Amino acid sequence: MRRYALQRLALAAPVLLGVLLIGFLLMQVVPTDPATVRAGPQATAEVVAAIRTELGLDEPIWTQFFLYLSRLAQGDLGVSIINSVPVTQELGATIGPTLELMFAALIWSIPLGILLGTLAAYWRGSWFDRITMAVSVAGVSLPVFFLGLVLIWIVGFQYQLLPFTGRGGPLWTMDGFLAVILPAVTLGGVFVGPVARMTRTAVVDSLTADHVRTARAKGLSEFRVVLRHALRNALIPVVTLIGLQIGFLLGGAVVTETIFSWPGVGRLAVGAILSADFPMAQGTIIVLSAGFIVINLTVDLLYAVLDPRVRLS
Amino acid sequence: MLLELENLATSFRTSSGEVRAVDGVSLTVQPGRTLGIVGESGCGKSVLSLSVMRLLAHPGRVVGGRVMLEGRDLLGLSGREMRALRGRDIAMIFQEPMTSLNPVHSVGFQITEALRAHDTTSSDSSLKRDAIAALERVRIPDPSKSFDKFPHQLSGGMRQRVMIAMALAGRPKLLIADEPTTALDVTVQAQILDLLRDLQAETGMGIILITHDLGVIAEMADDVAVMYAGRVVERASARELFEDPQHPYTLGLLGSIPRLDLDRERLTAIEGSVPPPFAWPPGCRFAPRCPFAEAACDAAPPPLRDLAPGHQAACLRAPL
Ligand SMILES: Nc1ncnc2c1ncn2[C@@H]1O[C@H](COP(=O)(O)OP(=O)(O)O)[C@@H](O)[C@H]1O
Ligand SMILES: [Mg+2]
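In order, the protein sequences belong to chains A and B.
The end of the first sequence is residue 313 by my numbering, with every number in the run present.
The end of the second sequence is residue 1320 by my numbering, with every number in the run present.
Calculated directly from the structure, the hints in this document are not laboratory data.
The model shown is predicted, which means the values in this text are computed figures rather than measured ones.
Note that the Cβ used here is the ideal one computed from N, Cα and C, for glycine as well.
Please note that the accuracy of each hint is not assured.
[As the list claims (entries may be wrong)] A few chain A positions that, by computed beta-carbon distances, are all more than 12 Å from chain B:
1. V29
2. P34
3. A73
4. I110
5. L162
6. V185
7. D210
8. L235
9. V254
10. I259
11. L288
12. L301
13. D307
[What the hints assert, rightly or not] Label pairs and their calculated CB-CB ranges:
14. Q245(A) <-> E1006(B): 20 to 30 Å
15. P1103(B) <-> L274(A): 49 to 59 Å
16. A12(A) <-> P1103(B): 26 to 36 Å
17. S221(A) <-> G1076(B): 18 to 28 Å
18. G1215(B) <-> R311(A): 39 to 49 Å
[Claimed, not checked] Partial list, computed: chain B residues near chain A (C-beta under 8 Å):
19. M1053
20. L1077
21. E1081
22. R1083
23. R1086
24. R1088
25. F1094
26. N1102
27. V1104
28. A1117
29. D1148
30. F1150
31. H1152
32. S1155
33. G1156
34. G1157
Make a model of the complete structure from these sequences and hints.
In structure tokens, the structure reads:
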């Protein structure tokens, strides 16, 4: 297990480096001079020149890349063009809410999808199976923004049941909890269908496995056969398949944050790109990509936890 | 009588209509004795054993007959009653020890779970002791260490021992072993058969041993039923069957093991293979492959006839 984990970690490192390189190159092609930005609008030419030297902008490009990495290591990603706030400060304030939103979206949607998929597989061919799968297929083609806008319109605006702009505080407070409901339903809602369909396929497959027949031959209850044998084994492919949806999750988070004015990294990214705030955009892209890598790594480790053949090899 | 099958029939509903994979099988198993069921691949042995366990997957269905276990018809039991019986009164082991164990659970977990299914009162630690004892009984080296092993860490023979330990953990009266050694190599095969014989002597259980290998039958069986295309074509004690086979199919099967004392003309191998259920001829199903067939054989499937005490064959030409 430890070797497997280290291996995965070692594989993630070059990917992270690649992401940082792309972020760096992005700043090379944009028409903004970081020294001018740092110096501020009133700075004299001498001040700008001094900052250029300090930032190493006259050095060869590879030297600049290493300078950039070492500044990054110290938490320096430059300052916003718009309001001169350090990029890392803004990122630090938005990462929490984004994690909160993802947590609130996945904590209900993945279990619900797995439950629906398992029941559909167990009762395959029944009306329950057909309806669940039809709704899931419809759900896949449902864009996040559409679901979000419908919820805002009906639940938030017409009936005024729940707040729909911004974050109300930490999740465990009443205001925080109420504020996260609509965004979490929106972001999680588009996940239930795909998870249900993937689970159904995997459970149908494992229900026909020889070891499931063995489990029945032992006299186990159907509940136990399905839960501890069919579903337990199906979770291995399901986790992998859910892992493949990470991009979809991050993209959905950006959209959800934007329409619900959720103060997260996604909304920050959209704002930075729309206002051509290049350093800020670069920061958010690095954070979102790093998130992608971390979730991937988590999925790989979860895979090993679920499968002793991987864990013990 | 431990188990008595009366006219058991099982069909599959397929796109090309209903097919009878098992078509009127009657058999008996005595306590402490081994009934061997032999026949080529595809003649319905697995479908028969799964029908007895009532573990047949859709679209298979038992459509007729009775399965009497100590006088109780299993086909009339509720799902709950049947579950209570599986693993406790009847247990089953399968051909593929590789895939018949769950790869994600430890050996110990899988045995303990079988015990727990029929015992809600014992403590976990006492069940664990019982599971380790079960591993010891099937002669797995270092049982308490093997308890925590996963199936992929064991060899095929060890996995089959685990299957046997699991099946016998509940002290069943009847064990159905469906080709338990087919996937194993020869020396391991002999060890597993020895083990089954010793465990039978110890527990007095009845065994149904299914195989396509007459060598295994010779080694293990007290009584034999020869199956062909969903029916029993010959029934006798093992001794009688080898000494005086009466059905041409049995003769054909015997032809594939070398016998010096067989004075009849040797049938080295039977031409062709078992037809699938939808392609069965209306008469004797073996007739198209039978060197003894005559016109009358194509009329109707011949019934089992008594040829000697305890010896029956379903052949118009018998005694041969
Ligand atoms: N799921 C199924 N659907 C249709 N036919 C089946 C199914 N399973 C088994 N059969 C039929 O039942 C017959 C007997 O199969 P089986 O009992 O597995 O043979 P054996 O164990 O003797 O090799 C086969 O000819 C096969 O065509
Ligand atoms: Mg078989």
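Against the earlier hints, flag every one the structure doesn't satisfy and list their numbers going up.
7, 8, 13, 14, 20, 21, 29, 32, 33, 34
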